[in-house]
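Counting along the sequence shown from 1, when you hit position 70 you're at 70 in full-length UniProt numbering, and nothing is skipped either side.
No lab work stands behind these hints, which were simulated from the structure alone. Using N, Cα and C, we set each Cβ at its ideal position, and we do this for glycine too. There's no promise every hint is true.
Label pairs and their in silico Cβ distance ranges [to be verified]:
1) VAL106 - PRO27: 28 to 38 Å
2) THR56 - SER107: 16 to 26 Å
3) LEU50 - VAL106: 31 to 41 Å
4) PRO88 - GLN29: 27 to 37 Å
5) SER26 - GLY108: 30 to 40 Å
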Amino acid sequence: MAQFVAVQTLGQNWQIDRPSFIAWTSPGQPSTTPLWELINPTTRDVVYLLSTNGITPTLSGFSAAGIISYVYPTQICGSVPLYAAAGPSDHWYTTNLIEHDELLGVSGWTDDGIAAYVLPVDGASLLFK
(Lines of atoms letter the chains of each structure in order from A and count residues from 1; the text may use other names and numbers.)
(Lines give C-alpha, C1' and ligand atoms only; values in the text may rest on other atoms or scores of the structure.)
Protein backbone atom coordinates (compact mmCIF):
# COMPACT_ATOMS: atom_id res chain seq x y z
CA MET A 1 0.00 0.00 0.00
CA ALA A 2 1.05 3.58 -0.54
CA GLN A 3 -0.14 7.02 0.42
CA PHE A 4 -1.25 9.22 -2.46
CA VAL A 5 -1.07 12.99 -2.73
CA ALA A 6 -2.76 14.88 -5.53
CA VAL A 7 0.10 16.80 -7.16
CA GLN A 8 -2.11 19.44 -8.68
CA THR A 9 -2.89 22.80 -7.15
CA LEU A 10 -5.84 25.09 -7.72
CA GLY A 11 -4.16 28.24 -8.90
CA GLN A 12 -2.65 30.15 -6.01
CA ASN A 13 -5.48 29.46 -3.56
CA TRP A 14 -5.00 25.82 -2.59
CA GLN A 15 -2.06 23.91 -1.20
CA ILE A 16 -1.62 20.22 -0.35
CA ASP A 17 -0.96 19.63 3.35
CA ARG A 18 -0.69 15.83 3.69
CA PRO A 19 -1.34 12.61 1.76
CA SER A 20 -4.96 12.34 0.65
CA PHE A 21 -5.60 8.60 0.80
CA ILE A 22 -4.11 5.12 0.96
CA ALA A 23 -4.49 2.56 -1.85
CA TRP A 24 -2.69 -0.50 -3.18
CA THR A 25 0.07 -0.13 -5.76
CA SER A 26 -0.28 -3.65 -7.16
CA PRO A 27 -3.22 -5.93 -8.00
CA GLY A 28 -4.34 -8.82 -5.84
CA GLN A 29 -6.14 -7.21 -2.93
CA PRO A 30 -9.67 -8.72 -2.85
CA SER A 31 -12.45 -6.55 -4.29
CA THR A 32 -10.13 -3.85 -5.69
CA THR A 33 -10.08 -2.53 -9.24
CA PRO A 34 -7.57 -0.41 -11.20
CA LEU A 35 -7.69 3.38 -10.86
CA TRP A 36 -6.43 4.88 -14.11
CA GLU A 37 -4.84 8.27 -14.63
CA LEU A 38 -5.91 10.04 -17.81
CA ILE A 39 -4.23 13.25 -18.98
CA ASN A 40 -5.39 15.92 -21.41
CA PRO A 41 -2.21 16.70 -23.37
CA THR A 42 -3.41 20.20 -24.26
CA THR A 43 -4.61 21.47 -20.88
CA ARG A 44 -2.54 19.07 -18.70
CA ASP A 45 -5.71 18.33 -16.72
CA VAL A 46 -5.65 14.96 -14.94
CA VAL A 47 -8.68 12.71 -14.38
CA TYR A 48 -8.87 9.44 -12.42
CA LEU A 49 -11.28 6.74 -13.62
CA LEU A 50 -12.03 3.19 -12.50
CA SER A 51 -11.82 0.18 -14.77
CA THR A 52 -14.20 -2.47 -13.44
CA ASN A 53 -14.34 -4.52 -16.66
CA GLY A 54 -10.61 -4.85 -17.43
CA ILE A 55 -10.76 -2.34 -20.27
CA THR A 56 -8.76 0.90 -20.21
CA PRO A 57 -11.26 3.73 -19.60
CA THR A 58 -11.59 6.47 -22.19
CA LEU A 59 -12.60 10.12 -22.02
CA SER A 60 -12.77 12.50 -24.97
CA GLY A 61 -9.64 14.67 -25.16
CA PHE A 62 -7.71 12.55 -22.64
CA SER A 63 -5.01 9.88 -23.04
CA ALA A 64 -4.55 7.00 -20.61
CA ALA A 65 -1.29 7.44 -18.68
CA GLY A 66 -1.59 4.16 -16.77
CA ILE A 67 -2.85 2.53 -13.60
CA ILE A 68 -1.88 4.55 -10.52
CA SER A 69 -3.41 2.32 -7.84
CA TYR A 70 -5.99 -0.32 -6.97
CA VAL A 71 -9.06 0.89 -5.09
CA TYR A 72 -12.56 -0.24 -4.15
CA PRO A 73 -15.45 0.41 -6.57
CA THR A 74 -17.91 0.23 -3.63
CA GLN A 75 -17.61 1.08 0.05
CA ILE A 76 -16.21 -1.86 2.05
CA CYS A 77 -13.57 -2.64 4.69
CA GLY A 78 -13.54 0.78 6.37
CA SER A 79 -13.00 2.57 3.08
CA VAL A 80 -14.10 6.16 2.52
CA PRO A 81 -15.35 7.98 -0.60
CA LEU A 82 -12.83 9.72 -2.85
CA TYR A 83 -14.91 12.73 -3.92
CA ALA A 84 -14.32 14.33 -7.31
CA ALA A 85 -14.94 17.89 -8.47
CA ALA A 86 -14.47 19.41 -11.91
CA GLY A 87 -13.45 22.98 -12.62
CA PRO A 88 -13.26 24.83 -15.91
CA SER A 89 -9.80 23.36 -16.63
CA ASP A 90 -8.95 21.14 -13.65
CA HIS A 91 -10.18 18.24 -11.52
CA TRP A 92 -9.79 17.80 -7.77
CA TYR A 93 -10.01 14.71 -5.54
CA THR A 94 -10.39 14.58 -1.75
CA THR A 95 -11.68 12.27 0.96
CA ASN A 96 -12.93 15.23 3.00
CA LEU A 97 -16.59 16.03 2.26
CA ILE A 98 -16.33 19.51 3.80
CA GLU A 99 -13.41 20.40 1.52
CA HIS A 100 -15.29 18.98 -1.45
CA ASP A 101 -18.42 20.99 -0.67
CA GLU A 102 -16.42 24.19 -0.11
CA LEU A 103 -14.78 23.76 -3.50
CA LEU A 104 -18.21 23.41 -5.11
CA GLY A 105 -18.98 26.90 -3.77
CA VAL A 106 -16.21 28.33 -5.96
CA SER A 107 -17.50 29.64 -9.29
CA GLY A 108 -17.22 27.13 -12.11
CA TRP A 109 -16.70 23.98 -10.01
CA THR A 110 -19.17 21.09 -10.26
CA ASP A 111 -19.66 17.81 -8.41
CA ASP A 112 -18.25 14.77 -10.24
CA GLY A 113 -19.52 12.40 -7.56
CA ILE A 114 -17.45 9.63 -6.00
CA ALA A 115 -14.48 8.49 -8.07
CA ALA A 116 -13.68 5.44 -5.90
CA TYR A 117 -13.43 4.23 -2.32
CA VAL A 118 -10.04 4.36 -0.63
CA LEU A 119 -8.53 3.94 2.82
CA PRO A 120 -8.34 7.09 4.94
CA VAL A 121 -5.21 8.88 6.09
CA ASP A 122 -5.59 10.57 9.47
CA GLY A 123 -5.19 14.34 9.24
CA ALA A 124 -5.42 14.59 5.44
CA SER A 125 -6.50 18.06 4.45
CA LEU A 126 -6.14 20.95 2.06
CA LEU A 127 -5.12 24.36 3.21
CA PHE A 128 -6.82 27.44 1.80
CA LYS A 129 -4.37 30.33 1.55
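Evaluation of the provided hints:
Distance hint check: the CB atoms of VAL106 and PRO27 are about 36 Å apart, consistent with the given range 28 to 38 Å. Taking the beta carbon of each, THR56 and SER107 are about 33 Å apart, not inside 16 to 26 Å as hinted. The hinted range of 31 to 41 Å is not satisfied by LEU50 and VAL106, whose Cβ atoms lie roughly 26 Å apart. The hint said 27 to 37 Å for the Cβ distance between PRO88 and GLN29, and at roughly 36 Å that hint holds.
Against the hinted window of 30 to 40 Å, the Cβ-Cβ separation of SER26 and GLY108 comes to about 37 Å, which satisfies the hint.
Violated hints, in rising order: 2 and 3; the structure is consistent with all others.
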